[in-house]
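A.B. asks: Chains as they are written, first to last, in my numbering: chain A, 1 to 85; chain B, 1 to 686.
Accuracy of the hints is not assured; some may be wrong.
[To be verified] No farther apart than 25 Å at their CA atoms in a straight line, the calculated lysine-lysine pairs in the PhoX-like style are these:
| id | chain 1 | residue 1 | chain 2 | residue 2 |
| --- | --- | --- | --- | --- |
| 1 | A | 20 | B | 259 |
| 2 | A | 77 | B | 489 |
| 3 | A | 20 | A | 77 |
[To be verified] Derived CB-CB ranges, DEER-like:
| id | chain 1 | residue 1 | chain 2 | residue 2 | range |
| --- | --- | --- | --- | --- | --- |
| 4 | B | 148 | A | 73 | 37 to 43 Å |
| 5 | A | 23 | B | 478 | 44 to 50 Å |
| 6 | A | 17 | B | 314 | 54 to 60 Å |
| 7 | A | 8 | B | 236 | 24 to 30 Å |
| 8 | A | 73 | B | 477 | 24 to 30 Å |
| 9 | B | 48 | A | 23 | 49 to 55 Å |
| 10 | A | 23 | B | 403 | 32 to 38 Å |
These aren't lab readings, by the way, just hints derived from the structure by calculation. Every residue gets a Cβ at the ideal spot worked out from N, C-alpha and C, and that includes glycine.
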Amino acid sequence: MNTVVGENKITTLDKVSEGKEVTLISIEAGRGLLSRLLNMGLVPGSKIRVLVNKGGGVLVISVHDTEISISRGIAQKLLVRVESP
Amino acid sequence: MKRITVALIGQPNVGKSTLFNALTGGNAIVTNWPGTTVSKSEGVIRHCQYEIHIIDLPGVYGLTAFTIEEKISRNFIVNEKPDVVVVLVDSLSLIRTLYLALDVLELIDRVVIGVTKVDEAHSRGVHINYNLLEKQLGVPVVPLSAVRGDGLRELAERIISVYEAGRREHTKVDYGELSTYIESAEALIRQCDLGLSHRWLAVKVFEGDPETLELIKSRCTSLYEDLVELREEASRILKVDPAVIVARSRFKHAESIGKTCVIQVAVRKKAPSKLFYHPVYAPLISIAIILAVFTLAFNLNTGFPVASILESVGFSELAEAIENYTISSLIERFLEWSSSTLKGLLGENAISLFLSEAVLGGVGALLLFLPLIMTVLATIGVLEDTGLLTRLAVGVHTLFEKLGFSGHALFPLSLSLGCNVPGLLVARAIPSTAERVRLIMLLPFIPCQARLVVLLALATAVRQGFLLVVLSYIVAFAAFFALGFALYKWSTMRSESVEIRLLLEQPPLHKPIPRVVWWYTWWHTKHFLVKAGTIIVLANILFWLLSHVGPSMSFTDDPGESIAASFSKTLTPILKPIGISGEGSWIIALALIAGFIAKEIFISTLLTVTGASSVKNAFTTIGVSEQSVIALTIFVTLYVPCLAALSTIYSETRSLKLVAEAVLLMLVVAYTSAILAYTLALVLTL
Ligand SMILES: Nc1nc2c(ncn2[C@@H]2O[C@H](COP(=O)(O)OP(=O)(O)O)[C@@H](O)[C@H]2O)c(=O)[nH]1
Numbered sequence: 001m002n003t004v005v006g007e008n009k010i011t012t013l014d015k016v017s018e019g020k021e022v023t024l025i026s027i028e029a030g031r032g033l034l035s036r037l038l039n040m041g042l043v044p045g046s047k048i049r050v051l052v053n054k055g056g057g058v059l060v061i062s063v064h065d066t067e068i069s070i071s072r073g074i075a076q077k078l079l080v081r082v083e084s085p
Numbered sequence: 001m002k003r004i005t006v007a008l009i010g011q012p013n014v015g016k017s018t019l020f021n022a023l024t025g026g027n028a029i030v031t032n033w034p035g036t037t038v039s040k041s042e043g044v045i046r047h048c049q050y051e052i053h054i055i056d057l058p059g060v061y062g063l064t065a066f067t068i069e070e071k072i073s074r075n076f077i078v079n080e081k082p083d084v085v086v087v088l089v090d091s092l093s094l095i096r097t098l099y100l101a102l103d104v105l106e107l108i109d110r111v112v113i114g115v116t117k118v119d120e121a122h123s124r125g126v127h128i129n130y131n132l133l134e135k136q137l138g139v140p141v142v143p144l145s146a147v148r149g150d151g152l153r154e155l156a157e158r159i160i161s162v163y164e165a166g167r168r169e170h171t172k173v174d175y176g177e178l179s180t181y182i183e184s185a186e187a188l189i190r191q192c193d194l195g196l197s198h199r200w201l202a203v204k205v206f207e208g209d210p211e212t213l214e215l216i217k218s219r220c221t222s223l224y225e226d227l228v229e230l231r232e233e234a235s236r237i238l239k240v241d242p243a244v245i246v247a248r249s250r251f252k253h254a255e256s257i258g259k260t261c262v263i264q265v266a267v268r269k270k271a272p273s274k275l276f277y278h279p280v281y282a283p284l285i286s287i288a289i290i291l292a293v294f295t296l297a298f299n300l301n302t303g304f305p306v307a308s309i310l311e312s313v314g315f316s317e318l319a320e321a322i323e324n325y326t327i328s329s330l331i332e333r334f335l336e337w338s339s340s341t342l343k344g345l346l347g348e349n350a351i352s353l354f355l356s357e358a359v360l361g362g363v364g365a366l367l368l369f370l371p372l373i374m375t376v377l378a379t380i381g382v383l384e385d386t387g388l389l390t391r392l393a394v395g396v397h398t399l400f401e402k403l404g405f406s407g408h409a410l411f412p413l414s415l416s417l418g419c420n421v422p423g424l425l426v427a428r429a430i431p432s433t434a435e436r437v438r439l440i441m442l443l444p445f446i447p448c449q450a451r452l453v454v455l456l457a458l459a460t461a462v463r464q465g466f467l468l469v470v471l472s473y474i475v476a477f478a479a480f481f482a483l484g485f486a487l488y489k490w491s492t493m494r495s496e497s498v499e500i501r502l503l504l505e506q507p508p509l510h511k512p513i514p515r516v517v518w519w520y521t522w523w524h525t526k527h528f529l530v531k532a533g534t535i536i537v538l539a540n541i542l543f544w545l546l547s548h549v550g551p552s553m554s555f556t557d558d559p560g561e562s563i564a565a566s567f568s569k570t571l572t573p574i575l576k577p578i579g580i581s582g583e584g585s586w587i588i589a590l591a592l593i594a595g596f597i598a599k600e601i602f603i604s605t606l607l608t609v610t611g612a613s614s615v616k617n618a619f620t621t622i623g624v625s626e627q628s629v630i631a632l633t634i635f636v637t638l639y640v641p642c643l644a645a646l647s648t649i650y651s652e653t654r655s656l657k658l659v660a661e662a663v664l665l666m667l668v669v670a671y672t673s674a675i676l677a678y679t680l681a682l683v684l685t686l
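Turn these sequences into a full structure, and let the hints guide you.
C.D. replies: Here is the structure:
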């Protein structure tokens, strides 16, 4: 899902390339996973830096100074905004 | 002496276990949380006129409870009403870890905040204004370094002063657009006093905390519908899940505190070591590291594989020298000596035999395995403490994923190489229930140290012993992964199974801290002692009695006359397909029964009953061919590890059906593999 809203692009986290910083907009997950993600600091509004994304396999992100590795399936549930430079 | 009960809570990786150990000096009492197998550690410190009882709660990210660990921590704080709650936050990621602290501060009066790892904060350019933090949070804040022992005394003093001081206002987080809804919910909850902060309960309703909703449903039934209605209304009108608003507001609050109290001086941040995340290298590096460290640990324990390799290329003297100084042979010699000393002191009679063989044998088995398991635990401790373990989990995830497991499975798998019992216990942390059940069914296939010792003993009876042991490990892992894959496919076909997920915090990498590694090792060892230890000792005694009491209930020192023997004799036809038949074949059956109870008595049974001095001689006496020994070795690798493992499967799943299925699976797989191995061995040696 790639919608262009003004200058900013809304996409899912798995599509963000390495080194980019994005803002989390929303999470589409069931109660349990949602609660875990929120409590780990993946709160809408948080800045997420994508440290590793090889287009396959696990992603590594940094959020609130913490490195977290997440599988691609979970990354697909995170809607983010890519700020244009 | 006044007694103060303190709950210690913190997010995973904040350094809670390390601090708990530093506080209690490792003298903790380990039990289980009632109705669960999650272990509970309790320690006591004395300070001035106070006896401070510290209860270590499972690490959780928040008080909203979906998992077993979260339920335990939440319910302890909510229902058991500890006198003081100590919340740990990490100086290296203060904002994120303050999140849990705020959740607690909204509920509890008497709180002390401990800021951990301050020894490292400076070098990372983090400077925290503790006085200001204290003012903003309204509760005492203590900077701590568990590895240096800083702040421990002050923590005790602050706990006491908070205990003696009166109540304080609960912290109020501004929930923005949700505030009016929270206030309405608060007003409703006030009508039905539950003895807890109304505001906190209201917030938990909006977070969808299952425990809070359950509590309100059962105790304030009339309000339940209204509250759920209110929640839905908020969700409808605000167009956002209220749980998200709560989390966001709490984070904002934490961030605003962080902004005023923390100064982050720019220091060159180490780039994350991408090597561990490389799609091609990472799995290779991970597997190489895992193989290397475990080979080292195994070698220290038993001399396998280095001594065996030396032996097979002709350096038998060197191999023998290594084997003589492995941990297992040192302990074995000690045990032999004490058993013969005991017999010498008491003479040969039923009592001395019982003491030296049944009791000392059981305790000895435990003594023998304790250091072996500790080496494996220490190895994992190093991996865990340095932060490597979670990287390795990511490294293997991509491979495991194809086989139906996630990278989370690495922890239980590697522990199982030491002992299946702790391996089965940590499988609890697997987020997906389906994957967890799969793991619990299959972990027993992973050869533990007890099995390694038995395998090595069996290997002495064949020409290519080293290869046989390697083959056994390969077969075991192949069985584990093949069956895992089959079960995974089967459950996706029934469309039960969800995607394989990985969600892991990656703590910063650092050099191992010996004290922390030791605490980790000791903590898990205690578990092994409590859980597996009792069963091993009792099982040994039971088996000894069965093999020394005849059908007429009288003592016999000829095991051939015992109850166990007459039962084994009925089992012998089963051994035919692997080429074991004739007079003495019941001895093998008896040894296998022994091995069902605890693997290590397999060998001692074989030796005592045949009266042989070595495993090789024992097999010659019974008339077991080399091919049959190979088949037997494969069988021993794969069939039920021990009673302790079975009882753990039961306690973890509370399902006798699952235990029965697991046992059946193991027996079927072991038996067919053994027959296959026998046939192959026959073909190859013809
Ligand atoms: N520098 C430093 N590191 C610490 C300290 N306490 C814990 N750690 C490290 O933080 C990591 C997590 O610690 P642990 O006690 O296992 O955290 P838990 O998950 O909260 O129980 C480990 O790698 C420890 O070595 C400390 O006081 N100083």
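A.B. asks: Now tell me if each hint is right for this structure.
C.D. replies: Hint by hint, here is what the structure shows:
no.: 1; hint: A/20 / B/259; result: 24 Å, holds
no.: 2; hint: A/77 / B/489; result: 24 Å, holds
no.: 3; hint: A/20 / A/77; result: 18 Å, holds
no.: 4; hint: B/148 / A/73: 37 to 43 Å; result: 42 Å, holds
no.: 5; hint: A/23 / B/478: 44 to 50 Å; result: 46 Å, holds
no.: 6; hint: A/17 / B/314: 54 to 60 Å; result: 56 Å, holds
no.: 7; hint: A/8 / B/236: 24 to 30 Å; result: 27 Å, holds
no.: 8; hint: A/73 / B/477: 24 to 30 Å; result: 26 Å, holds
no.: 9; hint: B/48 / A/23: 49 to 55 Å; result: 51 Å, holds
no.: 10; hint: A/23 / B/403: 32 to 38 Å; result: 36 Å, holds
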